[in-house]
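**Student:** Now for the letters of each chain:
Number of protein chains: 2
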Amino acid sequence: MRSATVTFRTSSGDVAVPADLGANLLEVAQQADVAIDAPCGGNGTCGKCRVRVLEGTLESEDALGLSPAAKAAGWYLACKSSIVGDVVVELSDAAAAWQTGLKVADVVGDDDQVWHDTVALLEMEGHWPDWEGDALLIELEPPSTEDTTSDLQRFSDALARTLGVDKPPLVPLGLARALPGLLRENDFKVLCLLRKTKYGPRLIALLPYDSLEVPYALACDIGTTGVSMILIDLMKGTVLASASAGNGQIRYGADIINRIIRQARPGGISRLREAIVDQTLNPLIEAVCKRAGVSSECISHMAIAGNTTMMHLLLGVEADPLRKEPFVPCFYDIEGLRAGDIGLTMPIFAPVYVAPSVGSYVGGDITAGLLPSGLWQSEELRLFVDLGTNGELVFGNNEFLMTCACSAGPAFEGGDIKNGMRAVDGAIEAAIIDAQTLDPHLTVIGGGKPTGICGSGLIDLVSELFRGGAIDGKGRFIAQGRRFSRDVHGIGSYTVAFAEETALGHEVVLTEVDLENFIRAKGAIFSAITVMLDATGFSVTDISRVIVAGGIGSGIDIGNAIAIGLFPDIAQDRYAYLGNTSLIGARAMAQSPRARAKVKEIASGMTYLELSNEPGYMDAFIAACFLPHTDASLFPSSRSA
Amino acid sequence: MRSATVTFRTSSGDVAVPADLGANLLEVAQQADVAIDAPCGGNGTCGKCRVRVLEGTLESEDALGLSPAAKAAGWYLACKSSIVGDVVVELSDAAAAWQTGLKVADVVGDDDQVWHDTVALLEMEGHWPDWEGDALLIELEPPSTEDTTSDLQRFSDALARTLGVDKPPLVPLGLARALPGLLRENDFKVLCLLRKTKYGPRLIALLPYDSLEVPYALACDIGTTGVSMILIDLMKGTVLASASAGNGQIRYGADIINRIIRQARPGGISRLREAIVDQTLNPLIEAVCKRAGVSSECISHMAIAGNTTMMHLLLGVEADPLRKEPFVPCFYDIEGLRAGDIGLTMPIFAPVYVAPSVGSYVGGDITAGLLPSGLWQSEELRLFVDLGTNGELVFGNNEFLMTCACSAGPAFEGGDIKNGMRAVDGAIEAAIIDAQTLDPHLTVIGGGKPTGICGSGLIDLVSELFRGGAIDGKGRFIAQGRRFSRDVHGIGSYTVAFAEETALGHEVVLTEVDLENFIRAKGAIFSAITVMLDATGFSVTDISRVIVAGGIGSGIDIGNAIAIGLFPDIAQDRYAYLGNTSLIGARAMAQSPRARAKVKEIASGMTYLELSNEPGYMDAFIAACFLPHTDASLFPSSRSA
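Line by line, the protein sequences are chains S and P.
Going by this note's numbering, 820 is the number at position 491 of the first sequence; the sequence numbering is gapless.
Going by this note's numbering, 639 is the number at position 310 of the second sequence; the sequence numbering is gapless.
Any given hint might turn out to be false.
The list cannot tell twin chains apart, which means a pair is met if one copy fits it or any two copies do.
In the EDC-like style, the derived pairs of lysine to aspartate or glutamate whose C-alpha atoms are separated by at most 20 angstroms in a straight line are [stated by the list, open to error]:
1) LYS778 <-> GLU830
2) LYS518 <-> GLU836
3) LYS496 <-> GLU930
4) LYS496 <-> ASP662
5) LYS929 <-> ASP486
6) LYS496 <-> GLU664
7) LYS525 <-> ASP495
8) LYS929 <-> ASP495
To be clear, the hints were calculated from the coordinates, so they are not data collected in a lab.
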């Protein structure tokens, strides 16, 4: 088969790879580890995988996702293009914005109120604290002709004496290897890092006696769209560094169904695993360790929270049965995991704890995320809403917990939205629109020029435009003006920022396609809430508190979210946005075995409601796909206010 | 730096590699994984690393190890040659004979008398049997919309029920990964292979329900020169296949000192580890599994016996302190090893049990090897002699066990001998020499033409030539005839087989240099025996039984060994050659946890005698470096007989 060279011009330089003539360009990119977003999984509908030909040509099918104007400007959809010769392509700005750009945040320290509240909740039940690390200086008598005890025995005996135990902890081979050199270069004095377990202390690392390292742990939230990680000092119980990145699997599809389909193709299991392990988690581990100036060899363990599918893809376990009747996963909970099994760049025997799932679509991000929510301890009824790519709800109190999931799509995390992005620097996270001019006043994360819109910004824009009469209940633009236009297909759009106002060099817009996706997303959440309340025999007025979680962005305006019919129309002071509760729950699991036990207890007490089995769900969903709702009486405070 | 191409012509084809000009040829070969024997460690003295230039040239220093005749014929010593341009070289026959040629033996079955005797010995103490494997068919109810229990939970519950335990064995991630596919392709029926441990059953493998696999174990003896492995059916307790190969580390030196020096050089730890793991053990594992037609994924565990240095090199642990005052190893015993740590091609969590050492030069080959010897159970005094590259002795009974080691050199295994080889096909393992003509009658392993001489053949040749008056007490040829000659340096030699009688195309000879090495080896053993007896206050006549072990070859003639002063001159019927006792001990350790406990018990009860600290040792050694001994009264039955 003849072949050609395909060159991808990316922000980090050119990537040139050989490809067979006739090969699909998106697959060539995926093989070459060039991250091109393809949320629709290569159907030609989402338009996110577009590339521009700089040199050479591509052969391309027509597809819905590309406008004639874009086509005229030299854009192609990678998923619908095949290689006919040497070619140089650049990625679209959308693709660039979705690149898995890793962001290291400032040191969080211990000033996080949600974290302190979570610890307080756990302490009320005696579940906290449970300090897990130890650092011990061990001094040995050097060997002599009279005392030829082996290094390992000498060290183990001294460690057992220091710990006051009969049987010293096992020295794993990786540490035994370092022992002869370490002892002889450090006057037979070594620093041991230990992890406390119910089976007694376990060795994490052996270091020169004057080393300043302590035992560390990692906590991680693996979202379908974004991944966050923190590095914890186990001696002080504080966070040393945090970082986040896009989930490297995004190039294989924005939603879990497309990823499961991709995993089922030949080589898919390792592709998806590499995308999350090698291209996302390991760079994050490196980043937090570098930021904190610590060695990854001193990491004791890691706690991970993520949805059921993410956990299967992470561990290289076939997820295909999850999307097929009767939707049974390989595991809800799994124990005995070690970093080495997964391929994480940590000591190979470091335990990896994962938060248990309770259903195919209610995962460990929810069970861990419930820890800070307090639902499990509250006497009053509370509602927990996680606005991720999947929407998950939990309703209940200290007597029962009912949960369900709905497919909201990635709109709240910026996916399926033309200029959507995650809640990171450059994202419009809040907006106010002048009722007269319909010009927006934007708040951008990081303070610079905008590059896109994140979930909370979207809620504001839609709500303000709706309140200002620029959008009708079906999500169509009904206003005129310099910011409103229609393309050749008749699709209306609103210019949020003109080209000169953005960091992109072109405009940021909100289209009627975006509105449609967004309304479906909010309709899915709201209808799930009402159907679950119906199923339990309660109504919205019974809810004492609504806990909102997820990567939608801390700028979320509850009033606006109610005004568009995302959340029930109850008093705003009953709402609280707790941010990434999954990560906070994972942190508790990393710092306390008793928190891990509590998450398992919470998970085992939850009842899973399969929405698709509920007779009224489809009608409720359709009724909710309107601004604020087809039954306006449910939202007395909307618009009229 | 300019570079050239070096091509090695080997029996398995050409190996061409780039090399810098000025690079040392032996190092180039070692980097390229071309096995060239260098028992002297590159000093230019042993002459084993010679190569012949076929095309191009080499720049070479003069060295003792190469005769002018060999030089004239185009031979070079790789260790003393440097690259000056493109060159093609062929390896010497000696190098070829020492290649790590892997040999798969016929299935051993259960007809080995030494093995049955060992089991009987262990049974007398209640240490046997302890059957360790299990194979269970588990049938599951398929999942349904009503029963969405996860695959892992479903399987674990069924396994716990079948085993009658509350807490089912952990399913390692590697097996969990296979579960969804395995269940769905096999009507939710699977075969589980289990290992019994003191902590309860452990899962080894999950297989289709109609699979015929059972749990297997491996036992392995890692000698400095040769490595042997057997595959055991744990259900029946029988051997399914056996194989042996040269230790792939030979190219880094024939004795342990040279290997430790090589390990201490940059990159040495991984080089030495790769040579034994990737190039020796893994091919052996593949060979025995293939021979028996079984999957290496069903191997439950492995037991390894080897000397202290071999264990350090195998595990990638620095061995350098072993050769430096006060000669302290990193470990005598080490626990918690897993196949994955070592890099063995077996399930990564499969335990690897190693026989404990008792001294820097008395290793697990001896402690495991003592199991079949019965010393630990005998009321009468016994002497155990292991004739390896190091000679190790144990003397004692069920009340005490004293041990010592001496550096015999590799002569008994065919090393340091011009035409020496291991006891494999083509080796002369026995010889009778006509007292008149001084022509030999040879016995060759495998029955074909000879390619070299193994340990037992050497003993016969030296003894017969000495008895026939062709060699004097100092190891010099004093006879004339067509088989006797002297080279330009005056070194005498005896032609054992003329060129046309060998499989090599050139003659097999025994030289005065060989005799000198051999006499030093036998002198080291004999003097160690006498010094250790002195230290315990006993004499040779107190020995009720001498157990001879090691790779010297089953053809050993005890009368000849006594006649040359290797063994004490006591009645021949007190001697028994048990062969590779280290491998038999490892087999017992693989089949029974109680045998493993017994080996640890034996090791902890042994007293180590450091010969170099004994005042009379050096004199005793020098006195023993004579045929049969400078004190002829010690050998009344020799020659005069």
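**Student:** Next, verify each hint and record whether it holds.
**Tutor:** Each hint tested on the structure:
| no. | hint | result |
| --- | --- | --- |
| 1 | LYS778 <-> GLU830 | within (7 angstroms within a copy, 90 angstroms between copies) |
| 2 | LYS518 <-> GLU836 | neither (63 angstroms within a copy, 59 angstroms between copies) |
| 3 | LYS496 <-> GLU930 | between (32 angstroms within a copy, 17 angstroms between copies) |
| 4 | LYS496 <-> ASP662 | between (31 angstroms within a copy, 15 angstroms between copies) |
| 5 | LYS929 <-> ASP486 | between (37 angstroms within a copy, 18 angstroms between copies) |
| 6 | LYS496 <-> GLU664 | between (25 angstroms within a copy, 12 angstroms between copies) |
| 7 | LYS525 <-> ASP495 | within (16 angstroms within a copy, 26 angstroms between copies) |
| 8 | LYS929 <-> ASP495 | between (32 angstroms within a copy, 18 angstroms between copies) |
The earlier numbered hint that this structure contradicts is number 2, and it is the only one.
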